[in-house]
Structures are given as C-alpha cells and as structure tokens.
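Whole structure, please, built from the sequences with the hints as guidance.
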Amino acid sequence: MYVAVKGGEKAIRNAHRLLAHERRGDRTVPDLTLRQIVEQMALSVARVMAEGSLYDMELAALAIKQARGDLIEAIFLMRAYRTTLPRFGYSEPLETAKMLVRRRISATYKDLPGGQLLGPTFDYTHRLLDFKLAAEGGEVPEMPELAQPDPQEMPRVTDLLGHEGLIEPDVPEHTPESADEDGEVGDLTREPLSFPAERDIRLQNLARGDEGFLLALGYSTQRGFGRTHPFAGEIRIGEVEVEFFAEELGFAVPLGRVSVTECQMINQFQGSAKAPPQFSRGYGLVFGQGERKAMSMALVDRALRSRELGEEQGAPAQDEEFVLSHSDNVQATGFVEHLKLPHYVDFQAELVLVRQMRREWEERNRQDKADAQEAAE
Amino acid sequence: MSEAQDDDAAPREAGDARRKNVMALLARSDTGRLAAAWEALTNKPGYRTVRAPETGLVMVRGRAGGGGRPFNLGEATVTRAVVTIETGETGYSYALGRDRKKALYAALFDALWQAPRHRGELERSLIGPLARDLEGADARSRAETAATKVDFFTMVRGED
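Chains A and B, in that order, are what the protein sequence lines are. Using the working numbering, read the first sequence as starting at 1 and increasing by one per residue. Using the working numbering, read the second sequence as starting at 1 and increasing by one per residue.
Watch out, some of these pointers could steer you wrong.
[Said to hold, decoys possible] The calculated DSSO-like cross-link candidates involving lysine-lysine, where the alpha carbons are at most 27 Å apart (straight line), are:
id	chain 1	residue 1	chain 2	residue 2
1	B	149	A	110
2	A	98	B	20
3	B	44	B	20
4	A	10	A	65
5	B	44	B	101
6	B	149	A	98
7	B	101	A	65
8	A	10	A	369
[Stated by the list, open to error] Sample of chain A residues lacking proximity to chain B, with all beta carbon distances greater than 12 Å (derived):
id	residue
9	26
10	281
11	313
12	315
Hint data in this document are derived by calculation from the structure and do not stem from the laboratory. Glycine included, C-beta positions come from ideal geometry on N, C-alpha and C.
Encoded structure:
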C-alpha cells in the first residue's frame, strides 16, 4: 500500500529552480542550440527517437537538452509528449529495399550487387582520442570525397539468397502461425503486452527497447545462452520515404523521409519436422543511425523465435516474457526509481513488524538458553 | 463499379501519381523556400482554410525481415492542412514534423498545382527547381557514399 505524503512544495520549487541553474551550467559558456544537438549529437538524437518511439529530431534534441544529456530521461520526455498529440493513423510499411543508402555492408557476401559501402562509420577507426576536436573553434574537416555511384540497384541480401531456397523467405501475408486470427497488426501503444506475443508485437517492443538491455541479451546468445550462430547478412543505413494513406485523397501521400538502420541477421538452423535445414533469420529495424541497437535487436528477435522454430528453450534471451517485460527503459526506470520516493508509512509498518519479530526471537532464544541450562544441570 | 468509372480510372491514377510526386517534393522542402515562392507568385489567389494546420502522429510501420508481415516501428510527428483557393481547387498537405506554416504553404501549392491557370507558373517557379535541387542533394549523397565503396578480398592464411 502506498500512502500519499503532503508538503515540501517550497523545497520542490527551489529544487527545480536549482536544477534549471545546473542545467544551464556556467553562464559565461554559450547556451547549446537544438540545431547544434541535432547536427553534432546525431547519434544521441537517433537513440532518443528510437527508444522514445517518436521520430522528430528537433523534439529529441530539446529532450536531450532538458534532460542534461541523460538519454533515458530524454526518452521519458518523448514518451510523455506523444500522449498530447492525436493519432492520424498508420503509415504504409516502409520499403527498405528502396532506401537512399548511406551505408550498406554484408559480412556474408563480399561481392554483392550494389557493393559494400562503408559510409560514415566508426569501424576501422583507431579509437584514439582526437585532440584536434578539443581545440577552441573545433576542427574543420575536409569535404567528403566523391565517386561515381554504382547504377545497380541495391537489393536486400536476404532477397538475393531467397531464390536458392537456402534461407527462409519473408512471409508477407499472415499464416496461422504468424498472425492473430484477424490479421490485425498489434500495437503496444493501444493494447497492453500479453503472452504469448506474436512477432509483430515482439518487433515493436524490441524497436523501442533499451539498447543496453538488448545488447547484453544479444551478447548472451553469442556466448552460448541460446546459441543461434549468427552472421550479419546485411546492415543498411539510410533514408526511406514514409507514405500515409489519406482517406480524403484516396491515395498514399508521401510525408517525407525518415532515417533508419536495418539489420538482417542470418542464423544457422538444423531443420525440423516441418522445415528442411536452411538459414533462419532475425530482423532489426530502428529509427536513425543505430547499428549496435539494430544488430542487438536482430539477435534477440531470432532468439525469441525459438518457440516457433521448435528449438530447445531455456536461455534468458529466448524467454519472451522475461525479455519483453523488461526491455522498456521508461517502465524500468519508473519502477526502479520510484523506490526513492517517500515510503515512510510503508517503512513504519515494516519497522513495527520487525521489532515484534525481534522481540519474539529474543524471547525464544532466552527460553531456549534457559531450557538448555536446565537440561545441563 | 460502372464501366464509365473504370474508363476514368487510368488517367485519374496517372494524375494522382503526378500530384503525389508534387506532394512528395513539397513535404521535403523547407518552409523558407515555400514562403519565398508564395511571395514571388505573380497572381496569388484568395484562399480559405478548410482545416487549419494540425500536428498529430502517424505510426510508422516496417515489415518483419524487410518484406514480411507489417509491425509498428514507432510514431512520427506529422502536420497537415487543407485549404480551398478561390478558383475552387482544394489543396491538402501532409508532412513530417511540426511546422504549421509549411503545412499551410504546401496545401496552398497543392491547390494551385491542380488549377490549370496556376500550374504552369508553379512548375516553373517552384516544382521544377525544387525537384532538381532535391535530386542534386540525393546525387551528392550517393556520390559521397560511393567513395566509401570497398572491395574486400580474401586471403589464404598459413599452409594447407
């Protein structure tokens, strides 16, 4: 039971005022602009959009500024903001095969149509601090090198392999195993999580799930807790057009582009009574440039398919109730952090109980000692 | 559906596809450019706001595996507006973000583009140049990315 407390208004007001002061920091240092955050803290912005489950760079930058760079707090602010807006509807599914690609690599095929494009990556950097960036005024980097683009299309790697029948295909329409009876797409913002959860719900949950939590779970599958033998079939980052079917117009209206990261994980699969041996797959898709998150999501998505694929279960990453119930960092932080709010009455009640238990214990001990003494004499 | 309606369907779809293309360009444009284009119009029509610019959310969907069953990825802010210009055409706009001014201008230009007396000027002054600039930005992005294309080769290590 939680009993409300009253009072402390003045202290709270002053604490918030102090927070605003600390947030601003040294007032002789220029104030951060949202544009600076969007442009130069782009990967923080991406994470806040992905886990805040709201694509809006400027809002994400504002949330980061308000939260003093605490990304989970910023994610919380985004989630709270979205509840103030009406929902117009659902977009047409993104066509990631038509992405304006900024980066695209495959760890399984070195010669693939459209080629391997490293894009703006930390890979192959030496991870040495670059003190040129510390200089006042900052470093002005060279303009990017240009080259003639490959006119070839860039099909998704999983679509290339598909025709050999060695990799499981996408199932576009619902089948008895893959969908609810009515074929509706589940939506966690409308319906609370329930189990067993189908893949649409699982993917939505993972897409907004905490990067650190999914990274740890994905890592655990690699280390043997629900091993799935993964290969990064393809990672692509870039911009995709979003379309929204407007009833009043009778066609799908283009809304502009969003930046996303997609990961196709290809995993070993021995085959089962139902399916021949072939590669199975895990999928990751997140807003913005979030390669680590997309890869982790794909690993965990594949682990959560163990039930559907008839694999032995038991590792944490395969336990959908465990994974899906604990992936959301806003829920998690709410429950963990509520412990610091006043629990005085709860604690008083427990204190009374412990005192009584202690009295009884001491009484019993005394009695036991007395009995032992008596027996010895 | 009657046969007459079926006959209309093809040209209407072609018209919709062109209009959709214009709406895509307007959605990707920045507000300053749309405002400047409106100010520069030689004969601005009178207009009435049917639905004032309104910001809301669209739940963006992906597909499992890229091509499989849809799932809900996350929401995006979207702003929309509807206007009618004095020659009777109704313009709609939908664009990512929370920019109300942009929504209003984009709806106005959608209406103008549908009006035969305005389309030519609009194509010349805004739509054509906008298409070229956005295509130029995409081409530049492709060229920058192309310069990072890598040819990995495999080497045999050790002796067999």
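Original post:
Which of the numbered hints are not met once you compare them with the structure shown?
Top reply: 8, 10
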